[in-house]
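Student: Listed here are the chains, written in short residue letters.
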Amino acid sequence: MPVKGWVEIDPIYCKGCELCVGACPQDVLAIDLDNLTSKGYHPAYLVGEGCTGCAICAIVCPESAITVFRETPSRESIKKNIEVTV
Amino acid sequence: MARELLKGNIAIAEAAVRAGLEAYFGYPITPQTELLEWMSHRMPELGRVFLQAESEVAAINMVYGAACTGARVMSSSSSPGVSLMMEGLSYIAGTELPVVLVDVVRGGPGLGNIAPSQGDYNQIVHGGGHGDYFNIVLAPSSVQEAIDLTVLAFDLAEKYRSIVIVMADGNIGQMMEPAELPPMRPIKKVYPEWSVRGAVSRDKRILSSIYMNPEDEEITNLRLLERWQVVQRNETMFKEYFLDNAEIIVLGYGTAGRIAYSAVRAARAEGIPVGLFRPVSLSPFPSEVIEDLADSSSAFLVVEMNTGQMLNDVKMFVNGKVPVEFYGRLGGMVPFPEEILAEIKRISSGNFSPVSDPRITWIERLKETINGSGEAT
Amino acid sequence: MERTNTAQKVYSRPESLTGATTHYCPGCTHGVAHRIIAEVIDEMNIREKTIGVAPVGCSVFAYNYFNCDFVEAAHGRAPAMATGIKRVLPDRIVFTYQGDGDLASIGMAEIMHAAARGENLTVIFINNAIYGMTGGQMAPTSLPGQCTTSSPGGRDVEQTGYPIRMAELISGMDGASYSVRRSLHDPNNIRKSKKAIRTAFEVQKHELGFAIVELLSSCPTNWGYSPAEALDWIKYHMLPVFPIGDYKTIDEVNNIKS
Numbered sequence: 001m002p003v004k005g006w007v008e009i010d011p012i013y014c015k016g017c018e019l020c021v022g023a024c025p026q027d028v029l030a031i032d033l034d035n036l037t038s039k040g041y042h043p044a045y046l047v048g049e050g051c052t053g054c055a056i057c058a059i060v061c062p063e064s065a066i067t068v069f070r071e072t073p074s075r076e077s078i079k080k081n082i083e084v085t086v
Numbered sequence: 001m002a003r004e005l006l007k008g009n010i011a012i013a014e015a016a017v018r019a020g021l022e023a024y025f026g027y028p029i030t031p032q033t034e035l036l037e038w039m040s041h042r043m044p045e046l047g048r049v050f051l052q053a054e055s056e057v058a059a060i061n062m063v064y065g066a067a068c069t070g071a072r073v074m075s076s077s078s079s080p081g082v083s084l085m086m087e088g089l090s091y092i093a094g095t096e097l098p099v100v101l102v103d104v105v106r107g108g109p110g111l112g113n114i115a116p117s118q119g120d121y122n123q124i125v126h127g128g129g130h131g132d133y134f135n136i137v138l139a140p141s142s143v144q145e146a147i148d149l150t151v152l153a154f155d156l157a158e159k160y161r162s163i164v165i166v167m168a169d170g171n172i173g174q175m176m177e178p179a180e181l182p183p184m185r186p187i188k189k190v191y192p193e194w195s196v197r198g199a200v201s202r203d204k205r206i207l208s209s210i211y212m213n214p215e216d217e218e219i220t221n222l223r224l225l226e227r228w229q230v231v232q233r234n235e236t237m238f239k240e241y242f243l244d245n246a247e248i249i250v251l252g253y254g255t256a257g258r259i260a261y262s263a264v265r266a267a268r269a270e271g272i273p274v275g276l277f278r279p280v281s282l283s284p285f286p287s288e289v290i291e292d293l294a295d296s297s298s299a300f301l302v303v304e305m306n307t308g309q310m311l312n313d314v315k316m317f318v319n320g321k322v323p324v325e326f327y328g329r330l331g332g333m334v335p336f337p338e339e340i341l342a343e344i345k346r347i348s349s350g351n352f353s354p355v356s357d358p359r360i361t362w363i364e365r366l367k368e369t370i371n372g373s374g375e376a377t
Numbered sequence: 001m002e003r004t005n006t007a008q009k010v011y012s013r014p015e016s017l018t019g020a021t022t023h024y025c026p027g028c029t030h031g032v033a034h035r036i037i038a039e040v041i042d043e044m045n046i047r048e049k050t051i052g053v054a055p056v057g058c059s060v061f062a063y064n065y066f067n068c069d070f071v072e073a074a075h076g077r078a079p080a081m082a083t084g085i086k087r088v089l090p091d092r093i094v095f096t097y098q099g100d101g102d103l104a105s106i107g108m109a110e111i112m113h114a115a116a117r118g119e120n121l122t123v124i125f126i127n128n129a130i131y132g133m134t135g136g137q138m139a140p141t142s143l144p145g146q147c148t149t150s151s152p153g154g155r156d157v158e159q160t161g162y163p164i165r166m167a168e169l170i171s172g173m174d175g176a177s178y179s180v181r182r183s184l185h186d187p188n189n190i191r192k193s194k195k196a197i198r199t200a201f202e203v204q205k206h207e208l209g210f211a212i213v214e215l216l217s218s219c220p221t222n223w224g225y226s227p228a229e230a231l232d233w234i235k236y237h238m239l240p241v242f243p244i245g246d247y248k249t250i251d252e253v254n255n256i257k258s
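Protein chains in written order, with the working numbering: chain A, 1 to 86; chain B, 1 to 377; chain C, 1 to 258.
What the hints contain is simulated information worked out from the structure, not anything from laboratory work. Do not rely on the hints blindly, as some may be mistaken.
Here are the simulated BS3-like pairs of lysine-lysine, each with C-alpha atoms no more than 30 Å apart in a straight line [claimed, not checked]: (1) 257/C x 159/B; (2) 257/C x 192/C; (3) 321/B x 159/B; (4) 192/C x 205/C; (5) 159/B x 188/B; (6) 195/C x 4/A; (7) 4/A x 192/C; (8) 49/C x 195/C; (9) 235/C x 192/C; (10) 257/C x 235/C; (11) 257/C x 49/C; (12) 7/B x 239/B; (13) 257/C x 188/B; (14) 345/B x 321/B; (15) 49/C x 192/C; (16) 189/B x 49/C; (17) 205/C x 188/B; (18) 257/C x 189/B; (19) 367/B x 321/B; (20) 9/C x 4/A; (21) 239/B x 315/B; (22) 195/C x 235/C; (23) 9/C x 39/A; (24) 239/B x 189/B; (25) 345/B x 315/B; (26) 49/C x 205/C; (27) 205/C x 195/C.
Just so we're clear, the structure is a prediction, and the values are computed from it rather than from any experiment.
Given the sequences, and given the hints that come with them, work out the whole structure.
Tutor: Structure below.
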């Protein structure tokens with residue numbers, strides 16, 4: 001099954017520079033034009049599914065604002081094709 | 001320890017080594033190069049740090065870096081090189097670091113010459129670098145005093161987190177006299193709580209002279225000023241000779257003070273009631289003592305090897321109470337005791353300068369001394 | 001989205017960055033450089049023995065962003081200040097972080113002599129072909145024809161000469177052990193930049209001499225571009241003048257790299 005990932009973009013740091021948006025190979029990042037950070041920037045955020053946790057966004061982010069998570073299926077669940085959810 | 005015949009520059013260098021100097025960064029410049037050369041073999045011999053920098057600019061910044069680690073560090077230079085260090089000194093003062101600098105003053109301005117002078121007084125005593133800061137300035141007049149003041153300089157620098165400048169001149173740097181060096185002091189083992197040495201098991205520290213917020217900078221400036229007031233109360237140093245019932249007070253520091261001493265002794269032998277006041281700390285300036293002396297005397301004669309730089313400070317504190325006369329030699333010329341004796345006699349016979357700036361009549365007398373008629377070009 | 005208990009955090013803010021927000025412009029790659037340096041410090045576990053020297057320029061407040069001991073140098077003097085620190089504390093890791101005005105203009109003497117002496121220092125040189133902090137004046141690294149506030153008609157090489165290539169210049173010095181140029185304009189190059197920075201710190205750790213990594217960096221605000229356009233400007237305009245490359249790597253450095 002495809003690797004799933006997700007990112008958390010910290011609005012304290014994000015300056016809405018859009019570099020992550022352009023760098024994301026899955027095109028799952030966008031600028032949130034409806035909200036502002038406390039500094040007045042439109043932050044980036046994750047839209048939709050498709051993030052693979054490749055961390056390219058975090059690599060290009062100048063503010064180290066992005067934390068990247070990747071879901072690695074456990075060995076058991078691969079064998080039994082079971083997903084264990086919390 | 002026994003007295004040995006020592007050259008001033010070398011005596012100062014070795015005195016610093018014995019005071020626990022950990023790092024020396026400098027650049028060759030006459031008339032203090034022997035200090036650097038001494039350090040170049042002595043410091044490595046003791047496993048301490050020596051580096052000849054690529055310029056005085058680099059040297060003072062290396063001092064700045066090493067001072068951040070809390071180590072005992074110094075540099076030395078002469079007038080043109082010290083001018084290059086002014087930026088670094090301002091940064092060091094703004095970061096409140098202990099640093100010792102030796103200035104062996106030579107003729108100037110500009111490239112000047114390599115002869116002894118006192119032309120750096122204003123630059124060293126009244127700042128030189130930008131901003132509000134206060135150096136401690138000590139002026140030796142003999143090789144022994146240079147040794148003692150160099151050792152003291154490190155202690156004062158650390159006590160007050162301040163720059164201490166030992167301001168000698170080419171004469172003191174180059175001459176050889178019998179003097180006694182102190183015993184070797186060990187390198188310190190405990191470093192100050194502000195020092196930057198790597199954040200082992202503690203929060204990080206920053207050392208900087210930046211205070212972007214004017215409110216913060218004002219507090220810093222005030223702190224430096226109040227610390228200076230403590231220095232003024234506690235660290236003023238001077239020597240007095242023949243001041244009992246002295247009516248004429250001769251003031252001079254360093255080599256000028258030493259030569260004036262010979263003149264004062266000769267004058268006393270002729271019965272003239274003259275004494276010598278020799279500031280040892282030019283900064284803090286012994287202003288209160290001078291104010292008192294103005295009350296109890298009838299004339300001052302300031303002797304310097306410049307165009308009257310300490311003269312301005314003396315005049316300020318005499319504040320018009322008594323006439324302040326001036327005798328100076330310039331550009332690396334060193335006065336003879338006879339010249340100063342002649343001045344003392346002139347004053348003691350009541351022949352004062354008719355105008356408040358004593359330089360005006362002094363210039364005329366100096367021109368006659370120089371070439372009889374002389375127009376300066 | 002379903003999240004399983006086998007999820008891993010694969011990337012997060014390095015420890016060697018403080019929690020401070022930076023004053024850098026949005027999209028300025030100073031932040032990228034800071035992050036990869038901090039990652040290297042974390043990975044080498046040298047945070048407690050690292051002392052950084054901050055320059056004058058946009059990164060003058062670098063001391064607020066790195067979580068290690070830091071000192072602030074006068075403009076251009078960081079290599080001299082770093083020399084003072086390293087000579088007194090040879091077992092610490094001392095690095096300078098400098099821009100093109102600091103390193104290639106006013107500080108040219110200090111960097112050349114630190115390299116000539118083979119000081120065991122790591123220098124990170126941020127080349128963005130302009131003076132950022134003071135509002136966009138011409139730098140020694142500005143490109144011919146580049147419009148800046150002090151070369152409004154474009155840099156005229158007849159009057160103001162040609163950009164200085166520092167990585168190449170330093171590589172000519174016997175005292176330099178590692179002198180390379182990398183770029184921060186895309187993820188691949190950022191990864192390579194981090195590797196070079198890691199090497200530069202390892203050079204110091206192994207006492208192999210002077211190491212400098214020149215990083216082509218963007219200045220969207222003063223170039224007048226969006227952050228993404230600015231990265232393209234590096235790729236299409238700066239790379240031909242400042243090629244990526246390893247200009248000096250002594251044998252011992254190659255050995256530790258492998």
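Student: Next, verify each hint and record whether it holds.
Tutor: Verification of the supplied hints:
no.	hint	in the structure
1	257/C x 159/B	violated (47 Å)
2	257/C x 192/C	holds (13 Å)
3	321/B x 159/B	violated (36 Å)
4	192/C x 205/C	holds (20 Å)
5	159/B x 188/B	holds (14 Å)
6	195/C x 4/A	holds (27 Å)
7	4/A x 192/C	holds (26 Å)
8	49/C x 195/C	holds (21 Å)
9	235/C x 192/C	holds (15 Å)
10	257/C x 235/C	holds (27 Å)
11	257/C x 49/C	holds (22 Å)
12	7/B x 239/B	holds (23 Å)
13	257/C x 188/B	violated (39 Å)
14	345/B x 321/B	holds (21 Å)
15	49/C x 192/C	holds (25 Å)
16	189/B x 49/C	holds (18 Å)
17	205/C x 188/B	holds (26 Å)
18	257/C x 189/B	violated (37 Å)
19	367/B x 321/B	holds (29 Å)
20	9/C x 4/A	holds (12 Å)
21	239/B x 315/B	holds (19 Å)
22	195/C x 235/C	holds (19 Å)
23	9/C x 39/A	holds (27 Å)
24	239/B x 189/B	violated (35 Å)
25	345/B x 315/B	holds (21 Å)
26	49/C x 205/C	holds (11 Å)
27	205/C x 195/C	holds (15 Å)
Violated hints, listed in ascending order, are 1, 3, 13, 18 and 24; each of the other numbered hints is respected by the structure.
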